[in-house]
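K.L.:
Below are the chains, spelled out letter by letter.
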Amino acid sequence: MGYRWLSFNFSYSMGTLGGIMKKGFRETSKKGGIPWLIQRISAVIIFVIIMIHFVTYHLLSEGAFKWDKVVSKMKSPWFNLMQFLLLCTVLYHGLNGVWMVVEDYIHIKGLRLFLFSLIIVVGISLFFVGVLTIIKVSNFNLEILRAGVIK
Amino acid sequence: MYKKTRIFDLNYYKFTGSWAWILHRLSGLALIFYLTLHIWVINTLTKGPDKFNNVMDFLNSPIFKFLEVGLWGVILFHAFNGVRIIIIDFFKGAISHKKIFYIFIIIAFVLWVIGGYRLISHIQWVH
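Just so you know, the protein sequences line up as chains X and R, in that order. Sequential numbering from 67 applies to the first sequence in this note's numbering. Sequential numbering from 32 applies to the second sequence in this note's numbering.
Excised from the complex, chain R in its bound form (with noise of 0.2 Å):
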C-alpha cells in the first residue's frame, strides 16, 4: 500500500530541504510549460522569413524580456539546485546539504542579477 502524499505538508515547512524540493517540482513543471511553447513558437522557422520575423518582433516586446528574465532565474534556480541533488546523491553531499543549498543559491542570484541586467538593458522600449 502507498502512503498518500500531500502536496506540501506543512508539518516540514521549516526545512531547508523540504523548500528546496517543492520549489524544484513548481520550477519544473513551469519549465515543462515553457518547453512546449518554446518548440511550438521556433517551428515557425520552417514557416518562411516573414512569419518568423512577426513572431519574434511581437516577443522582442518588453513584457516578454521580463518574462524572460523569469525564465532566467527559474533555469538557475533548477540547474543549481539539481547539481545539489547529485551531489547529494553520488557524493557525500547529504551530510551538509544545507550549506550546499545556501552556496548555489547564492552563485544562481549572482549569475541571475548579471543576466537580467543584460536581457533589461536590452529592452527595446520605443519601436
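In isolation and in its complexed conformation, chain X is listed as follows (with noise of 0.2 Å):
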C-alpha cells in the first residue's frame, strides 16, 4: 500500500502526446502514467529552484529593479542553468496542469483538439521567450566582459 509506486504498471502509459496521437482524443483510463510520474518529479524540482528564485528575486531585493543589478545577476552559467531547468519543469508542469484540467471538464473532441494544440503552441511559444532571453542575457554579459577587457 504504502509503495505503490513500485507496483505501478508501466505499461498502460502511453503518455499525454503519444496517447493523443493513438487515440486520437478519446478518453480513455489507459494513458498518462508517465505524465503523473513527471508531473511529481518536476513538481519536486519546482518547489526547491522557485524556493530560492522567489526568495532572492522578490524577498531579499528592496525597490524597483534596475536592470544593471538583473543582467549582472545573471553571469554565472549555473545559475542560468538553473533558470533554463526551471523554464523547462514549470512550463511542463503547468501546461500538464491546464490538460489535465480539459481532460476533466471538456468532452467534445474538436475542442479537446483545439485546446490541446493551443496548450502546445502556447508551451512552445513561451518556452523560445524565455530561452532568448537568458541566451540575449548572457551575450550582454559577454560584451559587458570584453568591453572591460579592451578598456
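Hints may contain errors.
[Unchecked claim] So these bits of chain R aren't anywhere near chain X, every CB distance computed over 10 Å:
| no. | residue |
| --- | --- |
| 1 | T47 |
| 2 | P93 |
| 3 | I94 |
[What the hints assert, rightly or not] In silico contact screen, one side only, chain X against chain R (beta carbon under 10 Å); selected entries:
| no. | residue |
| --- | --- |
| 4 | I112 |
| 5 | F113 |
| 6 | S127 |
| 7 | A130 |
| 8 | L157 |
| 9 | M166 |
| 10 | L179 |
| 11 | S183 |
[Said to hold, decoys possible] Derived coverage of chain X by chain R (criterion: at least 3 residues anywhere in the stretch with Cβ under 8 Å from a Cβ of chain R; other residues may be distant):
| no. | stretch |
| --- | --- |
| 12 | 133 to 143 |
| 13 | 190 to 196 |
| 14 | 199 to 207 |
By construction, these hints were calculated from the structure, which means they are not laboratory data. Think of the CB as a built atom: it goes at the ideal place given N, C-alpha and C, for glycine as much as any other residue.
Starting from two chains that each stand alone, build the complex the way the hints lay out.
P.N.:
So, in C-alpha cells, the structure goes:
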C-alpha cells in the first residue's frame, strides 16, 4: 500500500502526446502514467528552485529592479542553467496541469483538439521567449566583459 | 464511457481533501496565468536598460506589491499542498492526509506572513 510506486504498471502509460496521437482524443483511463510521474518529479524540482528564485528576487531585493543588477546576476552559467531548468519544468508542469483540467471537463472532441493545440503552441512560444531572454542576457554579459577587457 | 465531472461537486464540500483539490486546481490556473505574464515581462530585459527600468518602475507601485503578496500566498499554498500530494502518493500519507493538510497550511501561513511583511515594508509609497 505504502509503496504503490513500486507496483505501478507502466505498460498502461503511453504519455499524453503519444496517447492522443494513437487514440485520437478519445477518453480512456489507460494513458497518463508517465505524465503522472513526471508531474511529481518536476514538482519536487520546482519546489526547490522556485523558493530560491522567489526569496532572492522578490523578498531580498528592495525597491524597483534595475537592469544592471538583474543582468549582472545572470553572469554565472550555472545560475542560467538553473533558470533554464526552472523554465522547462514549470512550463511542462503548468501546461500538463491545464491539460488535466481540460480532460476533466471538456468532452467535445474538436474542442479538445483545439485546446490541446493551443496548449502546445503557447508552451513552445513561451519556451522560446524564455530561452531567448536567457541567451541574450548572457550575450549582454559577454559584451560587458569584453568591453571591460579592452578598456 | 466517462463519468461527467462537475466543476465542484457540492456533495463533497464538507471534506478537507475536496477543498484541497479545488484550491490546488484554482491556484494552479492562477499561477500559469501569472507565469505567462512573467516570462513576457522579463523578456523586456533584452530590449535595453531604459525600457526594462521603465517597466520595473511601473511594477514597483503599491498595487503590484500587494498583488505580489497574494502571489506569494498562492505559490505557498500550491507548493505545500503539492508536497502533501506527493506524501500521499509515494508514502503512507493517505492515512493522515487531513492532519498533514492542516500542518502544511500553518507552515505556509507563517511563511506567507513573514514574506508578506517584508514585501509590504518595502513599499515605496511616494515615488
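K.L.:
If any of the earlier hints don't hold here, list their numbers in rising order.
P.N.:
Checked against the structure, the hints that fail are numbers 10, 11, while the rest are satisfied.
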